[in-house]
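Engineer: With these hints in hand, go ahead and build the complete structure from the sequences.
These protein sequence lines are chains D and E, in that order. Using the numbering used here, the final residue of the first sequence is 563, and nothing's skipped along the way. Using the numbering used here, the final residue of the second sequence is 467, and nothing's skipped along the way.
Hints in this document: simulated from the structure, not taken from any laboratory. Please read these numbers as outputs of a predicted model, since none were measured by experiment. Incorrect hints may have been included.
Taking lysine to any residue and the SDA-like style, the derived pairs with C-alpha atoms no more than 25 Å apart in a straight line are [said to hold, decoys possible]:
| no. | chain 1 | residue 1 | chain 2 | residue 2 |
| --- | --- | --- | --- | --- |
| 1 | E | LYS237 | D | ASP238 |
| 2 | D | LYS327 | E | GLU336 |
| 3 | E | LYS206 | D | VAL226 |
| 4 | D | LYS352 | E | PRO149 |
| 5 | D | LYS327 | E | PRO149 |
| 6 | D | LYS352 | E | LEU132 |
Just so you have them, the derived chain E footprint on chain D, three or more residues with Cβ under 8 Å [as the list claims (entries may be wrong)]:
| no. | region |
| --- | --- |
| 7 | 310-319 |
| 8 | 325-332 |
From the three backbone atoms N, C-alpha and C, an ideal C-beta is built for every residue, glycine too.
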Amino acid sequence: MSFLQLILAELKAILADKTIVLTVFGGVLFYAILYPLPYLNQVPTDQQLVVVDHDNSSLSRQLIRHADASAKIKVIAKLGSIDEAKSWIETGRAHGLLVIPADFRRDLILGRGVTLSYGGDASYFLIYSAVAEGLIAAGLDAGKNIQRLGLLAQGSGAQAADRSLDVVKLNSIPAFNPSLGYTPYIVPGLFLLILHQTLLIGTSILGASQWQQAGYWQQVSPLKLICGRMAAFMVIYSLLTSFYVGYCYYWYDVSLQASFSQVALLLLPFLLATTAAGIAFSSLFTRRDLPTQVLLLISMPILFVSGFVWPTALIPESVVAVSQVFPAVPGIMAMLELNQMGASWQSIMPQWLQLWAMVAIYFTFAYWGTKRRLTTVIDD
Amino acid sequence: MTMLKRELAALMDDPWQLALISYIPLLSIIGLWLLFSAGLPRQLPVAVVDLDQSQVSRALARQLQANPVTKPISYTDLASAVEAMQQADVYALLVLPHGFKRDLLTGESPTIDIRYNSQFLLVGKLLSSQLQASMADGLKPLAAIKQLAAGVPKAKVAVNLSPVSSQTTALFNRNNNYVGFLVPPVLIALLQLVAMMVFANSLNRELRWNTTSEWMALGVWKGIAAKMLFYTPLVLLHGGFILALIYLYLGLPIEGSIALLLVAQLIMLLAVWLMVLLIFFALKDSARVISFCTAMFAPAFAFMGVTFPTHEMPELAQWWRVIMPTSHYIETHVAIVSYGQGWLATLPQVASYWGYLLLLIPISFLAKKGFESTDDIAIATTQEES
Numbered sequence: 184m185s186f187l188q189l190i191l192a193e194l195k196a197i198l199a200d201k202t203i204v205l206t207v208f209g210g211v212l213f214y215a216i217l218y219p220l221p222y223l224n225q226v227p228t229d230q231q232l233v234v235v236d237h238d239n240s241s242l243s244r245q246l247i248r249h250a251d252a253s254a255k256i257k258v259i260a261k262l263g264s265i266d267e268a269k270s271w272i273e274t275g276r277a278h279g280l281l282v283i284p285a286d287f288r289r290d291l292i293l294g295r296g297v298t299l300s301y302g303g304d305a306s307y308f309l310i311y312s313a314v315a316e317g318l319i320a321a322g323l324d325a326g327k328n329i330q331r332l333g334l335l336a337q338g339s340g341a342q343a344a345d346r347s348l349d350v351v352k353l354n355s356i357p358a359f360n361p362s363l364g365y366t367p368y369i370v371p372g373l374f375l376l377i378l379h380q381t382l383l384i385g386t387s388i389l390g391a392s393q394w395q396q397a398g399y400w401q402q403v404s405p406l407k408l409i410c411g412r413m414a415a416f417m418v419i420y421s422l423l424t425s426f427y428v429g430y431c432y433y434w435y436d437v438s439l440q441a442s443f444s445q446v447a448l449l450l451l452p453f454l455l456a457t458t459a460a461g462i463a464f465s466s467l468f469t470r471r472d473l474p475t476q477v478l479l480l481i482s483m484p485i486l487f488v489s490g491f492v493w494p495t496a497l498i499p500e501s502v503v504a505v506s507q508v509f510p511a512v513p514g515i516m517a518m519l520e521l522n523q524m525g526a527s528w529q530s531i532m533p534q535w536l537q538l539w540a541m542v543a544i545y546f547t548f549a550y551w552g553t554k555r556r557l558t559t560v561i562d563d
Numbered sequence: 082m083t084m085l086k087r088e089l090a091a092l093m094d095d096p097w098q099l100a101l102i103s104y105i106p107l108l109s110i111i112g113l114w115l116l117f118s119a120g121l122p123r124q125l126p127v128a129v130v131d132l133d134q135s136q137v138s139r140a141l142a143r144q145l146q147a148n149p150v151t152k153p154i155s156y157t158d159l160a161s162a163v164e165a166m167q168q169a170d171v172y173a174l175l176v177l178p179h180g181f182k183r184d185l186l187t188g189e190s191p192t193i194d195i196r197y198n199s200q201f202l203l204v205g206k207l208l209s210s211q212l213q214a215s216m217a218d219g220l221k222p223l224a225a226i227k228q229l230a231a232g233v234p235k236a237k238v239a240v241n242l243s244p245v246s247s248q249t250t251a252l253f254n255r256n257n258n259y260v261g262f263l264v265p266p267v268l269i270a271l272l273q274l275v276a277m278m279v280f281a282n283s284l285n286r287e288l289r290w291n292t293t294s295e296w297m298a299l300g301v302w303k304g305i306a307a308k309m310l311f312y313t314p315l316v317l318l319h320g321g322f323i324l325a326l327i328y329l330y331l332g333l334p335i336e337g338s339i340a341l342l343l344v345a346q347l348i349m350l351l352a353v354w355l356m357v358l359l360i361f362f363a364l365k366d367s368a369r370v371i372s373f374c375t376a377m378f379a380p381a382f383a384f385m386g387v388t389f390p391t392h393e394m395p396e397l398a399q400w401w402r403v404i405m406p407t408s409h410y411i412e413t414h415v416a417i418v419s420y421g422q423g424w425l426a427t428l429p430q431v432a433s434y435w436g437y438l439l440l441l442i443p444i445s446f447l448a449k450k451g452f453e454s455t456d457d458i459a460i461a462t463t464q465e466e467s
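Structural biologist: Following this line, the structure appears as structure tokens:
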């Protein structure tokens, strides 16, 4: 059997297995739509807010209008008491409240300090921070206006007043993901993980269903079989990866900074290491329904340990060390640094070399495992 | 009773299934908790480029040292700081410009540049607000001295500086703990996966050993009921372990009762069972049932609406969300844990599961129709297995 024939036989075996087709092609296409679906609106806006206004002055009403004008907040009702506001939040009708104290306007004009109280439901962090940001901005604006009026009344010039209000300008700007959107944040890492998991599942199901049967895989040496299998999966996955990294990244507004050749060079060891790991993993199983279950259980931990959801600095070192055995962990980080954060090629060299080391190690494991599986069958 | 014994024998015979209801969930639960065990983000590295090297700029840099969230790391030039940022060695970058002190003294307003890594959204947003707060605090003494020098009485200085102070209170989850916010939904998603796999394996076993007729001997519903009766308490035990870990061992605040949470979990599990049953009777192939269930349940976490608000999701995502039992459960969970919701108020939420009862119709239809051809399929699968 020539090498080319072997690759064709592998491809045929993959495409003939409905479960693999369902996982590899179905899974990759289905998840490309389903996973980013909840995040399509990118940024939480118009969070429902209730106001308890004990002042009822022109200034407090202006403050409410300003808060309402903030893109992050929508004032849905004015209520009489804090208790009432709390019950609105508990029943889910509102997500935050603003309390304006009595004599708000009078105290400000007299030059006494006043305190505005905001409350938000911190069971949902993103909503909480959106409400808090919007309200603090509105509150600061109202305060500045009063300060400015005061300064002008005391006789300082308009320009000088502005200047003494802003002693220092804080210019805080997001780098890398300028829109602060949710899909550019979640998609690049998550999609690599989907490729990683489906590739592992595909190779292990194929292996697990073949070991105990007779077929073309026994007519070739283990080394040749592994090479052929890796080539076949690389053909399929170079297409699927191109679809993800080439098209889906673009479609979901992910910021792209690396060149095509750099991304391709990075993904090559990532896919090779994953395929080899999958083949090595498959030699542990003879039941077709098991590999999927094992891989499903580890997918959530891999996502969280890869470092973009929860900072690596806060994860216990032992957990981080264990996680380095998955090609996805260095793969995702290298991809984010190279393509989304615009790092130079030199700076991702450690991860790149780590991926190549994984290729070598998993290839050895795969050879060893496959050889054992194939010889035991012959013994039977 | 004999049916339950039969399930027990089947369980003992299957090492993977045994692992799946004993140590695997425990290990995963503890592993995931370890991941987030830091709870509050602390000591996040921030690059500080001090181009001024004056007393004021150093005081501001020390201000960052005092903030528990940030850990300033000094860089002498901008280029190396940018590189560290691109390699995710630091999560934010703060530049104090040249001539900062001079500008302050001469009444110009200098600009402090802050760049934060928003590719890591959660960390980036947190750092942005913390850095701004630190800087504002650090600059206040300077402004106060300026005011005093201009002859403002001391009592008025504080008010002049910030006439409107704001008090932001987190109503529930008071100390903004990430363990309280992220870990319960993550673990519930895990519980749903384990429940799905356990039940699907138990059903698949009948196909694998070609014992469907034996299983169905007492009627379809009795066979199904036996499996439900057997596995529900086992999986619920893990649910109870999760709750005990979070609310008893770690002592996170909980307003309502844990017993009520367990009841809510029980109902969620029943919903999961019904979905798995439908998929099983529709596909009738062990590997395909697992693959299909995996595809359905794996993204459940994203749809719970804890990380990203539910009402901001597009229509289609809302629909998919309704299919997932966990998203029904998590609403009850948050209501009970945060708002201390009682038994009566929980009832209408339980009623939101009614849609799952509709699954009984296709299940009974497929179950009746399916098992005439069981033998062929069973033989086909055993061939595949052997």
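Engineer: All hints are to be evaluated individually against the structure, with a verdict given for each.
Structural biologist: Quick rundown of the hints versus the structure:
| no. | hint | verdict |
| --- | --- | --- |
| 1 | E:LYS237 x D:ASP238 | holds (23 Å) |
| 2 | D:LYS327 x E:GLU336 | violated (40 Å) |
| 3 | E:LYS206 x D:VAL226 | holds (13 Å) |
| 4 | D:LYS352 x E:PRO149 | holds (24 Å) |
| 5 | D:LYS327 x E:PRO149 | violated (29 Å) |
| 6 | D:LYS352 x E:LEU132 | holds (16 Å) |
| 7 | 310-319 | holds (count 7) |
| 8 | 325-332 | holds (count 4) |
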